[in-house]
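Protein chains: 4
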Amino acid sequence: MRLRTSCDLKFEIFEPTPFILMLRPRSGSQQWVEREEYKITPSTPVVEFTDNYGNLCQRLIAQPGMFSISTSSDVVTSNFIDQGFDSPFVEIQNLPDAVLSYLLPSRYCESDCFNEMGAAITEGQLMGYNQVSAITNWLRENIEYLPGSNNEPLSAIQVNNRQFGVCRDLAHLGIALCRSLSIPARIVVGYLHNLEPMDMHAWFEAYIGNRWYTFDATQVDSPGGYVVLGFGRDAADVAIFNQFGPSVFPIEHLVKVEERL
Amino acid sequence: MRLRTSCDLKFEIFEPTPFILMLRPRSGSQQWVEREEYKITPSTPVVEFTDNYGNLCQRLIAQPGMFSISTSSDVVTSNFIDQGFDSPFVEIQNLPDAVLSYLLPSRYCESDCFNEMGAAITEGQLMGYNQVSAITNWLRENIEYLPGSNNEPLSAIQVNNRQFGVCRDLAHLGIALCRSLSIPARIVVGYLHNLEPMDMHAWFEAYIGNRWYTFDATQVDSPGGYVVLGFGRDAADVAIFNQFGPSVFPIEHLVKVEERL
Amino acid sequence: MRLRTSCDLKFEIFEPTPFILMLRPRSGSQQWVEREEYKITPSTPVVEFTDNYGNLCQRLIAQPGMFSISTSSDVVTSNFIDQGFDSPFVEIQNLPDAVLSYLLPSRYCESDCFNEMGAAITEGQLMGYNQVSAITNWLRENIEYLPGSNNEPLSAIQVNNRQFGVCRDLAHLGIALCRSLSIPARIVVGYLHNLEPMDMHAWFEAYIGNRWYTFDATQVDSPGGYVVLGFGRDAADVAIFNQFGPSVFPIEHLVKVEERL
Amino acid sequence: MRLRTSCDLKFEIFEPTPFILMLRPRSGSQQWVEREEYKITPSTPVVEFTDNYGNLCQRLIAQPGMFSISTSSDVVTSNFIDQGFDSPFVEIQNLPDAVLSYLLPSRYCESDCFNEMGAAITEGQLMGYNQVSAITNWLRENIEYLPGSNNEPLSAIQVNNRQFGVCRDLAHLGIALCRSLSIPARIVVGYLHNLEPMDMHAWFEAYIGNRWYTFDATQVDSPGGYVVLGFGRDAADVAIFNQFGPSVFPIEHLVKVEERL
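Chains as they are written, first to last, in UniProt numbering: chain A, 1 to 261; chain B, 1 to 261; chain C, 1 to 261; chain D, 1 to 261.
Be a bit skeptical, because a hint or two may be false.
Computed Cβ-Cβ distance ranges for the label pairs, DEER-style [claimed, not checked]:
(1) C/Gly84 / D/Ser78: 49 to 55 Å
(2) C/Glu116 / A/Pro246: 56 to 62 Å
(3) D/Asn142 / A/Pro45: 54 to 60 Å
(4) A/Pro250 / B/Glu258: 54 to 60 Å
(5) C/Glu116 / B/Asn210: 37 to 43 Å
It should be emphasised that the hints constitute simulated quantities derived from the structure, not laboratory data.
Don't be surprised by glycine CBs; every beta carbon is placed ideally from N, CA and C.
Please build the complete structure, drawing on both the sequences and the hints.
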């Protein structure tokens, strides 16, 4: 599937404001970026760097006045996410070094507090893919997906208490449960074709059978059409924009995903 | 100052147990490792790797039975920690890429929740070193340092509520307060000469005036004699041992630091 | 200056052939990629990775038949390259770790053989920028720039013997002479506005006064309009395509650079 | 096998001289460093860093006068090097990213010039381990191993012309031949138990069947007892000391390797 994504942001800036953005998709093993645009108005010096997780990040200082970012990409991605029923748990000793940090608790995924719950939800499951599949199903049945219900990320503990959350929050709980079972898990931020209502999206991946698999508790079946912007331990790592100094909120924020034939 | 450190751990293992250890000090800009020993009994295959923060980590599977780790090092470190009163805050746009991740909230340092408190504690201070110094003094006066008061790490919010904690917990609150001011801060785990009672120690560093400075709210004055084992965002990153599977606790844990003339 | 670059390659493939390509420009401190396209026909699975020098590389296996690659980008770059007369030599001990490998001899830059020649060419020059400027002038006067004169890279020794070469070859000799003076130097491959005849281009950078400066012995004055595709120690690191197995040569190779107003 | 290695170097320094040293063995998948000492006299500030190949390097400025380095280690390594007859060639597309740079020609391994020779030597061999084994046997029979025959590294082309060389030179030719067959190969510098005459040693590794295998054309059979100090593309990357400014040669250079029971 060939998708055209776009994300336009507009801010009103009152004093020089440093931004770190994560809005340039990378080609990798799961997607190919055929075309990509990234415009900043007014023209502003930008430095791009690669963070600890391999994401391309853009650093700049927005000057007072209107400041807008306009990005777009054509990405080839698969029609259906891979499923891997019965794919086995990878023993800690066999995990690649780079995957190990996704076993640790993080800001919004207090995996150290979910040992019993993780064990209960996955009881009787074959270790590996089936456990994560059980976790995802449990999230679908027990945590209400309420887009727009909050702005600040909820941690796994908070989501579990409230029983509802946005996509990012469900991902946090899913990740914490996986890690409680020693399954490496990470958050993914990006776009999803046909998401309702359309917006940036977040889901999670778990490392099973020597590769990463995609899981998304906000969707009933397993569509494809995912475009990745960034990976991280949780929402703290993958903000599409981090801004420093007095808070500035986008006065416009427009996200689109269309299929290209 | 030349210090001889040692850390001996002994476990009784009941089933094959993966461990990730962080017990080998690295030479760097602030310490020189002259001698170093690392013995594992019984002899066990170990793979060493470098994590995201530059720490040397050792990965192994302990087999059932007694399992002991014996490490020792002779390290040259400075007699007094550097102080940098009036050293300036580094603007976000001028921070090295590798330092940026230390601005983000993490598992035990919910810096996103400390904006007002950070501002209040540092009111009237010159931006930079003096702010972190004010934070450290505030910790000394307001949070009781109670070695051995808990085993599980407390997050900054928890420490702030309880008003007491171990070294690691005070560091978490200090780090969260620094990050709330856009000052990069990281936890450090290692040894401290003359620590009372002797044990592994944790403190924090803040990035000011284009370098890292050491801060330790558990000590009244500013002694030197620090030996670093590892750096990270918070305690989740710098466990001297992470163990997977059914919990195993050390039945012996002996730490020593002596000066060598 | 806003440039639109394009590079189109077409191959006839007779057996499955692995390729590693370096045709995606990265935004960095010296250029901003506003738009970028990368199409492969027929559609082929590609994995993108980052090499040791920070370049984005694309790995794929071309299947038998016609195989074409079509890339294009809009890049904002400066109108004039920075010059830094009198910028000082950086003492070895003050070089960033990541720059050190650019001091060592490499496949096509046998810097260990140019100590006397490097000293002679730069005699009387202030250490640093002026030395590299003297080297570049010496190249302009002594080594004839003959585009198309050879296909295989010449090493610094070979260029020095032949007294002529393509852009890449002149860069090799310039780099070897810089390194012989303990000045870190690296090759750059990319595009140059108004290059005659138009083609991919190569030049070099030297690390002076705590930053990289651009030098190009093939151009008389110091125009701007450079677009970087990749950095490396020499031509061995920055082939725009490396192909494995029986040799395959492009049957079409079209490069364009236009200014966009 | 548990080996005690030592390397002592003494220099007479006439002006402040920057050094980069590579004398600290790392624990990895093939060796475990139980004890390690590294003393510098007179005491000198040192900064340790990790290079592009994962080696620990030490950077310092030696001051005028006598300057000595004394290193020692106890390392557990295997009694016999692993052999992998019939282990298969890894297709380019399946190589890990980090291995790819070991396919390229480098300063002393002009692999681009050995395609025919590499094919001839390995004719009829199963692709993979058996090819590298054939190359190693060919080196044993055709290139005389003459310890001490030269100080400066010879490139693969030079060794092939002279028909003799030191350990490092034989490794260069072996590596160039491997790479000419698209087999990743790297130089290794370190110690070898029972080497005659005792000195630092160099050999090579080739990537076959998804792991690195050790090859050493200077030894008739396949003993174990190897202790690795560093890896690289060729001798340019793995000097145990690189020194900048006017040349300084060790006035003492003592290497020992003993078995410890």
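How the hints compare with the structure:
no.: 1; hint: C/Gly84 / D/Ser78: 49 to 55 Å; result: holds, 53 Å
no.: 2; hint: C/Glu116 / A/Pro246: 56 to 62 Å; result: holds, 60 Å
no.: 3; hint: D/Asn142 / A/Pro45: 54 to 60 Å; result: holds, 58 Å
no.: 4; hint: A/Pro250 / B/Glu258: 54 to 60 Å; result: holds, 58 Å
no.: 5; hint: C/Glu116 / B/Asn210: 37 to 43 Å; result: holds, 39 Å
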